[in-house]
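Protein chains in written order, with our numbering: chain A, 13 to 295; chain B, 528 to 1093.
Read the hints as simulated data drawn from the structure, not as lab findings. Each residue gets a CB set at the ideal place from its N, CA and C atoms; glycine is no exception. Relax, there's no trap hidden among the hints.
Quick look at which bits of chain A chain B covers, simulated, 3 or more residues with Cβ under 8 angstroms:
#1 45-58
#2 61-75
#3 267-274
#4 279-288
Simulated restraints, written as ranges between beta carbons of each label pair:
#5 A:Gln286 - B:Asp947: 38 to 44 angstroms
#6 B:Phe605 - A:Asn292: 37 to 43 angstroms
#7 B:Glu1084 - A:Met279: 48 to 54 angstroms
#8 B:Gly913 - A:Thr288: 27 to 33 angstroms
#9 A:Met279 - B:Ile923: 28 to 34 angstroms
#10 B:Ser964 - A:Glu275: 35 to 41 angstroms
Calculated lysine to aspartate or glutamate pairs in the EDC-like style (CA-CA distance at most 16 angstroms, straight line):
#11 B:Lys759 - A:Asp274
#12 B:Lys1036 - B:Glu982
#13 B:Lys1037 - B:Asp981
#14 B:Lys757 - A:Asp293
#15 B:Lys675 - A:Asp293
#16 B:Lys1036 - B:Asp984
#17 B:Lys718 - A:Asp293
#18 B:Lys1036 - B:Glu992
#19 B:Lys974 - B:Glu847
#20 B:Lys681 - B:Glu671
#21 A:Lys53 - B:Glu938
#22 B:Lys759 - A:Glu266
#23 A:Lys16 - A:Asp46
#24 A:Lys53 - B:Glu940
#25 B:Lys1090 - B:Asp1069
#26 A:Lys53 - A:Asp95
#27 A:Lys97 - B:Glu938
#28 B:Lys1018 - B:Glu992
#29 B:Lys916 - B:Glu938
#30 B:Lys629 - B:Asp609
#31 B:Lys759 - A:Asp273
#32 B:Lys1033 - B:Glu982
#33 B:Lys903 - B:Glu979
#34 A:Lys194 - A:Glu38
#35 A:Lys97 - A:Asp46
#36 B:Lys717 - A:Asp293
#37 B:Lys1037 - B:Glu982
#38 B:Lys919 - B:Glu938
#39 B:Lys903 - A:Asp283
#40 B:Lys903 - B:Asp860
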Amino acid sequence: MIYKAEDYMIGETAWCPGCGNFAIREALAGALFDLELPPHKILLLSGIGQAAKIPHYLRVNGFNGLHGRALPPAVGARVANKDLKVIVESGDGDSYGEGGNHFIHNIRRNPDIAHFVHDNQVYGLTKGQASPTSEPGMKTGVQVEGVTAPPLNPLSLALVMGAGFVARCFSGEKEHLRETMKEAINFPGYALIDILQPCVSFNKVNTYGWYKKRVFFPDIENPRDWAAAMECSRQWGDNIPLGVFYNSPRPTFESHRSALDDEPLSMKPFDPQQVTSLQNDFL
Amino acid sequence: MEVNILVGGAAGQGMETIMNLLGKALVREGCELIYTKDYMSRVRGGHNFSCLRITSDTPWTTVESIDIMVALNEETYFLHQDNLVFSGRVIFDPNLFSLPEKENRGVPVELQKLAEEAGGKVMANTVAVGALLVLMGLQTSTVEILLKDIFADKEGVADKNIAALKAGFEAAAQFCSTCFDLPPRNKDAKKLFIDGSQVLGMAALASGCRFLSAYPMTPSTGIMNYLAGKSKNYPVVVEQAEDEIAAINMAIGASYAGVRALTCTSGGGFSLMVEGVSLAGMTETPLVIVIAMRPGPATGLPTRTEQADLEFVIHSGHGEFPRAVLSATSHEDAFYRLNKAFELADRYQTPVFFLSDQNFADTHRSVEPFDFGRMKYNRFIAEENGYEKPYKRYRITESGISPRALPGQFENEVVLVDSDEHDENGNIIEDASTRRSMVEKRMRKLKALAEEMDEPDLYGDPNPELLLIGWGSTYGVLREVVDMLAILETKTAMLHFSDIWPLPQKRLKKLFPGVKRSYCIENNACGQLSALIRRETGLSIDSLILKYDGRPFMPHEIVEEVKNDL
Chain A
13 MIYKAEDYMI
23 GETAWCPGCG
33 NFAIREALAG
43 ALFDLELPPH
53 KILLLSGIGQ
63 AAKIPHYLRV
73 NGFNGLHGRA
83 LPPAVGARVA
93 NKDLKVIVES
103 GDGDSYGEGG
113 NHFIHNIRRN
123 PDIAHFVHDN
133 QVYGLTKGQA
143 SPTSEPGMKT
153 GVQVEGVTAP
163 PLNPLSLALV
173 MGAGFVARCF
183 SGEKEHLRET
193 MKEAINFPGY
203 ALIDILQPCV
213 SFNKVNTYGW
223 YKKRVFFPDI
233 ENPRDWAAAM
243 ECSRQWGDNI
253 PLGVFYNSPR
263 PTFESHRSAL
273 DDEPLSMKPF
283 DPQQVTSLQN
293 DFL
Chain B
528 MEVNILVGGA
538 AGQGMETIMN
548 LLGKALVREG
558 CELIYTKDYM
568 SRVRGGHNFS
578 CLRITSDTPW
588 TTVESIDIMV
598 ALNEETYFLH
608 QDNLVFSGRV
618 IFDPNLFSLP
628 EKENRGVPVE
638 LQKLAEEAGG
648 KVMANTVAVG
658 ALLVLMGLQT
668 STVEILLKDI
678 FADKEGVADK
688 NIAALKAGFE
698 AAAQFCSTCF
708 DLPPRNKDAK
718 KLFIDGSQVL
728 GMAALASGCR
738 FLSAYPMTPS
748 TGIMNYLAGK
758 SKNYPVVVEQ
768 AEDEIAAINM
778 AIGASYAGVR
788 ALTCTSGGGF
798 SLMVEGVSLA
808 GMTETPLVIV
818 IAMRPGPATG
828 LPTRTEQADL
838 EFVIHSGHGE
848 FPRAVLSATS
858 HEDAFYRLNK
868 AFELADRYQT
878 PVFFLSDQNF
888 ADTHRSVEPF
898 DFGRMKYNRF
908 IAEENGYEKP
918 YKRYRITESG
928 ISPRALPGQF
938 ENEVVLVDSD
948 EHDENGNIIE
958 DASTRRSMVE
968 KRMRKLKALA
978 EEMDEPDLYG
988 DPNPELLLIG
998 WGSTYGVLRE
1008 VVDMLAILET
1018 KTAMLHFSDI
1028 WPLPQKRLKK
1038 LFPGVKRSYC
1048 IENNACGQLS
1058 ALIRRETGLS
1068 IDSLILKYDG
1078 RPFMPHEIVE
1088 EVKNDL
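Please model the complete structure; the sequences and the hints are all you need to start from.
Written out as structure tokens, the structure reads:
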């Protein structure tokens, strides 16, 4: 069966008009179409939040789990069926706040998962509180004196933890996002794209225009140059670089597990009688 | 006729090495035995001890009385001397300490010196095993074979250990040869020497479990160790998660994508997991969770035993959804019951709990080999042409069970699961009528699930007037209590629950009218099973015998309480 780009799109969304999520969804549908991945071979996992509703709006296998917990079930799914293309998509609060521990440790673990974070620097679904990536000084109903903690830098953190694929995109640069998503999905190992995105309802600081004035595409000569990638990841303010800052595969989680060498575990037949010799250890 | 051995010392002195070697050798020699551990939450120092009891019939518990004590330090002797029988013996190293002058039961064996002579101080434990063997009138040959197996890959190590073993044997023989007669033995019995954690690990593998994700936590870690040890040669992946939240969510993801998955933990770790329990309930994902209980609250007593998480587990996770809670009477029962947990989880697409505890997890027993032919592997997954098209993960059915397909299983069909309330497709909804029908669909599964619960095991008089009720790891001690109370004129029995939730009620309701006095015996402070029975059946248990000091019951403690009431 041949799929068209629109075959991946379904459903009325619950997003606000003008939300960056629409462009991200279209970019992903386009990337899946370009890669000729049939819907039943793709698994899209998410946590909770506005971005995390995306499994409902794309026609692929979906696991809309708990807030902050999108990565762990993705690892489990890779163990069960390594034939699935596994993508995790969630917001900045979900991925970097509630799910921070899983973010750190899955970079170390390096499962073959593409992680797309809708980073709008604010909590949308709970109506406008600060997120881990909010700008210092941003005032909200909870951060009434303005955000005081410095923002978490997901790309620097990922690089320090040894991530093999680290990229920044902007929902306003849809074609670039689509191409980068394809690279991330095909990357063997954990691949992070931090996707900058305006929140039209709650983030009055980092607006579409704010980003548009600042984003640019630097020349990345060598995507294996970690120090250069680190420098890109730290650049913020008047000029915000976009692109694949780092691309350097290392052995995956799956490659270290001998049980995952051949056919997917979920396809392996089993008969308890095959393993009776287990008791010999105790004789 | 029985022999009771106690080996005590500081953490790090290697009691476990002695007991594992001795226990396995004794079982090979045809002994029926049980071996329990009492240890502190520390790596070095403190006071740890292990007890090993050999009887002619199945021993169900260890007892306080000691025939042979191996005192690896002086403290062990002073702490346990009151329990040493008149004709007992104490193996000790005279170069480390001396026994009081009036103590004439000492068997001085220079454990460290003999070990050094054989090749290294580290083998002092092997010297002690040699001494123990001669006291029981056994030869060293069985242990020699075991040592050769254990150290097959390390050249020369087995030979050195055998030298140490023989040195201990000969040294002790000078003081006491065959001081203790072993009960009659059946050398052809071919029994297993295995602890509770190993039983559960092996049962998981024999149930087709392909994934364990867990965070190490005493006393559940033994299951992790067992399965990890098998992961090179069997199709199972063991992943040490970054925390228990990750552990349960990983297992849910693996189960959703098609394999039998397990997580194991203890109370504190389980506290972190409960949101995941609720997710499994809502997404209707099969999941087996083993909880090896230890005393709480909070960190509690990490290496000790308790049965205080029953109510917590039955009510764990926010919202309402069906679940089953199982435990086991014995090692034999646990093997098949964990298999049942996997079967129920797959059939009813819901979380199933297995309650173990430190007492069960760390206790070794000699048991008959398991019958793998009794293990089941039914995945209850939709077959091609066996489901209504298009595929809907949460299709409303009479039983409440929707056909379960796996992601990627069928061409052009997708499987969507959601922690939000959802429609038949798995898409988020908020309307009242879909919500109602989904709650009702999920809860309908409970009816058939309740029918799957095994009635509690009755041991003793079939029409008891005195009834002892328990659950889980207290089975062994209650059996011994019932046997000890057989001298009474009162008709006595025990009723022991393995499957606890949904509570099986038939046998209890049938027996209760004839019962004049009922007891619930539990390792907790509130009598949680007793409260559950009352809530579910309206039946009121007369008395509670509770123990919450972190130690398992001893038979005489229960017998005394019951006799005091008569």
